[in-house]
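Engineer: Produce the complete structure using the sequences and hints provided.
Here the protein sequences come in this chain order: A and B. Straight run, no breaks: the first sequence in the numbering used here ends on number 1015. Straight run, no breaks: the second sequence in the numbering used here ends on number 1015.
None of these hints come from the bench; they were simulated from the model. One thing to keep in mind: the hints can contain errors.
In this list, chains with the same sequence are indistinguishable; a pair is considered to hold if it fits within one copy or across any two.
Pairs of lysine-lysine residues, derived as DSSO-like cross-links and limited to a Cα-Cα distance of at most 27 Å, are as follows [as the list claims (entries may be wrong)]:
1) K917 to K787
2) K787 to K966
3) K859 to K842
4) K951 to K917
5) K966 to K842
6) K859 to K993
7) K917 to K959
8) K787 to K870
9) K993 to K966
10) K951 to K966
11) K870 to K917
12) K917 to K859
13) K896 to K910
14) K959 to K842
15) K787 to K901
Protein chains: 2
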Amino acid sequence: MNLAEAAERIRMAIRSKEFLVIVGRMEVNYEGRASSTLGSGDRVLMIKPDGSVLIHRPTGYEPVNWQPPGSKIEVLLDDRLVIEARRVKPREILRIIFSKIYDVSSYKLRDEAEFAMYATEEDMRKAILMKPSIIEDGFKPIERERKAGDIGFIDIFGVDSAGRLVVVEIKRRNATSEDVKQLVRYVEKIEEEFGKRPRAIIVAPGVQRSAARELELYGIEFKALSPRRCAEILREGKGLERFLK
Amino acid sequence: MNLAEAAERIRMAIRSKEFLVIVGRMEVNYEGRASSTLGSGDRVLMIKPDGSVLIHRPTGYEPVNWQPPGSKIEVLLDDRLVIEARRVKPREILRIIFSKIYDVSSYKLRDEAEFAMYATEEDMRKAILMKPSIIEDGFKPIERERKAGDIGFIDIFGVDSAGRLVVVEIKRRNATSEDVKQLVRYVEKIEEEFGKRPRAIIVAPGVQRSAARELELYGIEFKALSPRRCAEILREGKGLERFLK
DNA sequence: CCGTAAATTTCGCCA
DNA sequence: TGGCGAAGTTTACGG
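Structural biologist: Below, the structure is given as structure tokens:
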């Protein structure tokens, strides 16, 4: 494809806020928070209506180079076709130099659909707060996101049926030994603050082998709870809310 | 575009390991580590030769849904065109249901170029090890990635010209109060271990306002060093290496 | 294959 | 606007 023709089509598409897909042979240079260079090769370049820029090689999940939403696009043409995407804060520039253009396509895309994600860690916390008995009978949450000194935040802080303090750490994936260590640090902070050692419970779908050892070692409890079960609880809760209105 | 025709082109492209770009109106469902649903809308779907799958909405850096490299792609056609991308470990399935196809393109892309990223945190460490005087005259590194008890790793551990121990923490971005606190924890660990308090230096392009307070408070030193300067030092070093051969 | 740390992380929430 | 923490994080690098 003719470079001049390509340049014109690209300029038009950007002006009319279309979703651009450009396939070609290009070099890429990036300068900003870091710096990178990428020699000549065939790639797919996407320029979105919001100023996002993505350059994808033939392999991998991540783009090899990119510019986040809001960047300003410039199309330059002399002997070669160059596309620059600039950002001011932080100051970054992405320069794409084409030696061949295989394809330029642009689309007006309409996408108003809602994206719904189920069972994040936040969802798990909500589910526990909505139905604390899934941790154990008589468990009463007191605070969420409680500050533990300067080392972090306790997911849920509460008391059990016997009145003992309980520190709950939630993970949507299997708990690691790192997670256990973090929880131990919270326990120590709470012990400093209240003068007595709290119970500590990791709530997660499972525990990694290495973490199981540490649970034993530090006297941390484990309560199995899957994100899926939390999603169910939230659905029940929503149904209830609607019923009560 | 005809759905049956599209299905055939997509199957062909996948068989011959081409880079696929499909633009159309689609619904998306994901089930795996989490779950998500996305209603009907216009999007760009990319399927890479290595089995990566990316679905991009008209805005944002991140794909709304995806499947990492190595997933198995299936193209199903009855009354609708459905593409499924499956992964076994962890078990995940991405299902894309098309109601319209605007465009199907596929490409044989050749990209053997080397990607070079300059001045990561690792590069900064290398630069300091290569030329310790950029920290201060007489600074001698002893160990890198030194374990500090069970709380983490010290970037560079060394001694100054007066023989005092020095703990160096490197950041490629401005240092935060969290970084200072982490360094303080290292200092305490080293003091426990050696029975004397080491000097502690944060090496970074700058410090956040909140961190500046804490530097004062804990007696932590700061040495300004930009990733860019480190990249220069590494270039000089490489030049030297070549010269010495 | 597990574990750890970094990332041009991005993204969302909240002060 | 900045700070903080999660993410279907991914990726790279050890052991």
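Engineer: Starting from the hint list further up, note which numbers the structure goes against and sort them upward.
Structural biologist: The structure conflicts with hints 1, 2, 5, 11, 12, 14 and 15, although it agrees with all the remaining ones.
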